[in-house]
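> In case you want the letters, here they are:
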Amino acid sequence: MTSTLAPPRVRQDAYVGVIEDQELVAGAQAGDEAAFEELVRRHADRLHAVVRRLVDTRHEAEDVTQEAFLRAWRAIGRFKGDATFSTWLYRIGVNEAHRRRERRPGPQRETSLEEQLVEPREPRPGPALVAQQRALHAALERAIAELRPDLRTPLVLRDIQGLTTAQAAAVMELGEAAFKSRLHRARLTVRAAVAGYLPEAPDV
Amino acid sequence: MHPMLRHPLRFGREHRFTFEHASQYLDDDLDEAGRERVEHHARLCPKCHELLAALHRTISALRELGTGPGEPGDSDVADGVIARLRAGR
Ligand SMILES: [Zn+2]
Chain A
205 MTSTLAPPRV
215 RQDAYVGVIE
225 DQELVAGAQA
235 GDEAAFEELV
245 RRHADRLHAV
255 VRRLVDTRHE
265 AEDVTQEAFL
275 RAWRAIGRFK
285 GDATFSTWLY
295 RIGVNEAHRR
305 RERRPGPQRE
315 TSLEEQLVEP
325 REPRPGPALV
335 AQQRALHAAL
345 ERAIAELRPD
355 LRTPLVLRDI
365 QGLTTAQAAA
375 VMELGEAAFK
385 SRLHRARLTV
395 RAAVAGYLPE
405 APDV
Chain B
9 MHPMLRHPLR
19 FGREHRFTFE
29 HASQYLDDDL
39 DEAGRERVEH
49 HARLCPKCHE
59 LLAALHRTIS
69 ALRELGTGPG
79 EPGDSDVADG
89 VIARLRAGR
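Line by line, the protein sequences are chains A and B.
The opening residue of the first sequence carries number 205 in the working numbering; numbering runs sequentially from there.
The opening residue of the second sequence carries number 9 in the working numbering; numbering runs sequentially from there.
One chain only, chain A, in its complex shape:
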């Protein structure tokens, strides 16, 4: 019980040892479209994965991702490099996702993430563990979709996408203490919602 979780790894291994983002940003700032397109290829999937859980549909997530890169391209001249490119880009994407949610009339969502991701209530026959895992993941997706946006974003950035606290707080332009407080509340809420699905694990 007393061991702690290892800090999350930031998944940046795809482009270790090649041209740094910084150089591509400098190229893009000089008007090099190919340099910016390389930044798109590096970051689009991860930004999409973040945004996917902040909006309701996959279509909307793709649109927000595209919009974020369009905004980034237009604003690249003002990018000062006091954050990393990915932090800056995530901030644009997260803000755009929040803007969409605020604009939407009424609290009801048309096609929820839950409806798209949740497996049928009766799990298909199969190994019990696989079914249990699938039920847990579906319950998590439901719980995440129901979180308030100001709690959901910290959880998505930190726990699902594996950003560090410092990176995730920087994306949200929050102090670390405020970020940690929201993350804790988000985790408590999700934990309560999935309590019945958690496996009985031996003490760690």
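It is worth saying that the hints were derived from the structure and are not from the lab.
Treat the hints with caution; some may be incorrect.
Stated by the list, open to error - Simulated restraints, written as ranges between beta carbons of each label pair: (1) 17(B) with 263(A): 51 to 57 Å; (2) 303(A) with 52(B): 44 to 50 Å; (3) 245(A) with 52(B): 49 to 55 Å; (4) 28(B) with 399(A): 18 to 24 Å; (5) 284(A) with 55(B): 29 to 35 Å; (6) 42(B) with 285(A): 33 to 39 Å; (7) 403(A) with 84(B): 33 to 39 Å; (8) 87(B) with 399(A): 38 to 44 Å; (9) 230(A) with 47(B): 47 to 53 Å.
Each residue gets a CB set at the ideal place from its N, CA and C atoms; glycine is no exception.
Model the placement of chain B with the ligand on the given structure of chain A, informed by the hints.
What follows is chain B with the ligand alone, placed relative to chain A:
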């Protein structure tokens, strides 16, 4: 005698501390003294023991969501962005 009955005020204070700092404990984000307070209390308090265990399992499961296979069609995301950028030029 159970420590909650022997030192109810102190127990309540440590209970709140543990509840409030459970995430930071699990993220290895507490100093030595804070870590010891949480661990000491969790040994005496079944509720906090269970909270830490359940939060740990919740965080692990959330991490699995992030490392699982993407949805089909996700690889087209970059292509879609690039197409839209080029269309706008
Ligand atoms: Zn307690």
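> If a hint holds in the structure, say so; if it does not, say that too.
These are the hints, each one checked on the structure:
1. 17(B) with 263(A): 51 to 57 Å: Since residue 17(B) and residue 263(A) have Cβ atoms about 56 Å apart, the given range 51 to 57 Å holds.
2. 303(A) with 52(B): 44 to 50 Å: holds (48 Å)
3. 245(A) with 52(B): 49 to 55 Å: holds (53 Å)
4. 28(B) with 399(A): 18 to 24 Å: With a Cβ separation near 20 Å, residue 28(B) and residue 399(A) satisfy 18 to 24 Å, so the hint holds.
5. 284(A) with 55(B): 29 to 35 Å: violated (48 Å)
6. 42(B) with 285(A): 33 to 39 Å: holds (35 Å)
7. 403(A) with 84(B): 33 to 39 Å: Given range 33 to 39 Å: holds, Cβ gap about 35 Å.
8. 87(B) with 399(A): 38 to 44 Å: Holds: the Cβ-Cβ distance is about 41 Å, inside 38 to 44 Å.
9. 230(A) with 47(B): 47 to 53 Å: About 48 Å separates the Cβ atoms of residue 230(A) and residue 47(B), which means 47 to 53 Å holds.
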